Structure formats: structure tokens, C-alpha cells
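Based on the provided sequences and hints, a complete structural model is requested.
Going line by line, the protein sequences match chains C and Z. Residue numbers are given in our numbering: position 7 of the first sequence equals residue 7, and the series is strictly consecutive. Residue numbers are given in our numbering: position 118 of the second sequence equals residue 118, and the series is strictly consecutive.
Honestly, the hints are just simulated from the structure, not real lab data. These numbers come from a predicted model, not from an experiment. There are no misleading hints in this set.
Derived DSS-like pairs: lysine-lysine, alpha-carbon spacing no greater than 30 angstroms straight-line:
#1 C:K60 - Z:K37
#2 Z:K26 - C:K290
#3 C:K290 - Z:K15
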Amino acid sequence: MNEPWWIDVIKALLIANVVLLAFAYATLLERKLLGRMHLRYGPNRVGPFGLLQPIADLVKLIRKESFAPTAAVDVLFIAAPALAAFTALAAFAVIPFGGVWHWGPYDVTGNVLDVPIALVLLFSLGAVGVYAFLVGGWASESKYSLLGSMRTAAQLVSYEVSLALSVLGVVIMGQSLSLTEIAVKQQETIWFAGPQLVGLLVFLIAGTAETNRAPFDLPEADTELVSGYSTEYGGMRWGLFAQAEYINMITLSGLCVTLFFGGWGGPGLPGPIWFLLKLFAVIFFFMWMKATLPRLRYDQLMKFGWKVLLPVATVNAVVTAVLVVAL
Amino acid sequence: MSHHYSGVQPLGTLKGFAVTFRQVFKKPITQQYPEYKRPVYPRFRGRHRLWRHENGLEKCVGCSLCAAACPADCIRVVPAENTPDNRVSPGERYARIYEINLSRCIFCGYCELACPFDAITLEAEYELSEYSRDDLIYTKDMLLAPPVKRMPVADRELYDTPEPVWKTES
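Printed below as a string of C-alpha cells:
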């Protein structure tokens, strides 16, 4: 393992830009897909098949006035979207999208940052990212924003527990916290989606809640809270929040692929291609879910999180642990 | 089944997923507007049109009944006397100025109801956006000219709609 610093920098730049591009086109994909599921076309005016729509949206957002309520706490109001975007983008650094390439005298790993505690790092970055949503809503000095923030706090804390527990089974089977090692282990044995099916289901549901996506989009429930924590945000500041949400979804899909579907492993095609294909499939599922399920009520959300998801995740982790030790 | 979590029905949820997935392969029902213009109803009330007799004289005699009937007060008529060397309409007088302020008009059609000579009717045109309010004041020349854009109108046979009484009896 010898990897000079400049390869890391190139990889970091590359991945950051690829993820941002993926975010831009995830918005288009979502709007197109939701459109087709509603018997509409979705955006199809800007460029061929609407392919330039994300660029038009970006230009619009950047040119918009960056206003703030007079009563808002300026520093926090401005810092919150930046923090959200940063943690979202940083979290993707540990997701492995390929094995090790031998390139001249260097060994290049298929992720920006190969740390043995990648999973813990990812969850802690996600936990920091939650603060952005809380602080942004609080600093707006608006009732809707504050209510959105409170819902974010309650929902994300509740479902983070289930999310972590659902992953525990995979960690026990993979016997590592390193995402690369877990993926390699799956390529050597079988995809953990099979033995950890319960874990996968809990992960998908809790992950949807964790990324504030329908049917768990209570923090921004448009019909009740205008737009939740981002009510008072406009222009590119709002754009950063939206970016954070989409990149969180992409990261979570990447995590799902790595933990349950063998990461970059697959026959024939090179690793990153397989990773992208699987990533697309998981993202498609999230969008499909958004088109299908109506938003939960708040009490349903809490009941489901604590009384169904958490026990199931706990039992899954315990049973996995017992079986791994026994066999 | 004594107690279940309200709203959570696994089977119904799965069915829902099947429904949304099926839609993807159907043809969207969207009508792509600027390219496809849905034919308007035969009695659609769009932009006004002033008419001439077959001999070229204007039907409007400048009686201002349309302006009186207009609830939005958007019609301005200034009449003048017809003279032998300046005969504009078959009546005694004609409309020297006939203006409709389309930024005020509510397209109620009372003007065509009020008109005793069927000089003014509401036609099919509805693409009336302008960059300036001033451009929405239509003068007599503009109202007399045939419309630049021709909007598709649905076949009258498709609807059980007789020709309006005030268009046939006069």
C-alpha cells in the first residue's frame, strides 16, 4: 500500500465532482421518473429530453437573491446549509466503488479514504449533518422552520438507532467495520442481502426516514409546514440543503450496495460500473417509493419506529450474533 | 388481528408499488401545449373581432351599447357621423375610435350579446400575452383584421350546441 498524497487529491476532486453531477442528474431522474409514474412527461423542455434542466435550475438558484429574515441569527443561518452540504459530500469519501488498481509503482484504492472504521465515520458524519437541519431551522426564527427542525430531531434520532442496529448484523457477519473489507467478504462468500434480508429491509426503511424522503418526509411536509426547516431559505442556500438531501440519499444507496449487495463486485464489467448499476437500482427504489407511498402521520411514524422497526432490528442483530457464534 | 398498527398494511403497500411501476410503461396523457393546441369549444370566448359587411362597410354603427354592457368597462367607443364622401358604416354614424383594453376584459361576452348588428363577436384566439400593458389595448384596425394566429376550434357537430340565437336572428 503506497499511495502518494497527490493521487488522493485527484481522487477526492474526481469523486466530489462526480457525486455533485450525480446529485444534479438524480433530481432530473427523480422528476422524470415521478412524472412517468403519474402519467406525465416530467421536465422535457430544456435541451434534448430535458437533459439540461439541472443546469438551468443551478443557474436560476445561483442568480436568486440570498435573503434572510430580519430576526434570523445570521452566522448560524448562513453556516447551516454549508455544514449540511459539507457533511453530505464528505460522507461519500469512505464508500468504496472499486478494488485496488496497480498503476505503475502505485496501488490505488477504490475509495477516497480507506479507514478501518469507515462505517462509524459515516454514521458520525451523518449525525453531525443532522445539526445543520436543526440549527438552520432554529436560526430562521420562524415557526414553520422550528417545527420542521423539531420533527427532524425526533425522526432522525428515532430512526438512527434502527439504522445502526440493522447494520450490526452485517458487521457481525463481515467481522469488520471497514466497508472495503465487508464488500470483499461478500464477494468471497455471498451477498449479505440473502442472510441479512431482515436487516436490509430495516435498513431501507430507516434509511428512507434518515434521508427525509417520502413517505417519511415529515420534516418538510409541504402541506403542513410550508417547507419545514428550509422554509426561510431561498436561492443557493436552499440549493445546498437540497443538495445535502440528495447526496445523503446517494451515499445511503452506496452504503446499501456496499453492505448488502457486494459493493463493486460482479461478473464481466469493471468494478465502478457494477457499483454504479447497483447504486442506480437502489436510488430507483427510493424514487419508486416516493411515487407510491403517502406521507405517514407523526404518531404512526413514532409508533412504527420504536415499536416495530427497533425490536425487529434488535432481534435481527441478536439472532445473527448467536448464529455466527454457534456455526 | 386484535391490534394492528394503524395505516400499515403490507399487502396493500406492495400492490401500490405494482401500480406505480405499471404506469411507467403507459403513454403519458400530457398534452404538450405549444406544439399541440387542444381545439377550443365552439362557443369559446377568446379575443374580440369586429366584422364588416360583404360590401366592405363596417357592421359597427358606433351605438356604444357594448360599452354600456361591459362590466369591466374596457370598451371605448367614440362615434362620428357618416358623410357621403366618408361612408364607413351603413348606419347614420360609425365608430371613429373603437378600443378594447384586453388587460381589463373578463371575456364575459356581454358585448356580443348587446350588439344589435353582430358587429362584435368573441373568437377563438387566447394567446394574448404581451410584454407591455399598452400593447394590450386593441384598436379598431387590430380588431377588424383577421387574427394572425388561427386557433383550432372543435367541430360543432361534436357538441350539442346550437348556433347562439343572437348570431342567427338579426
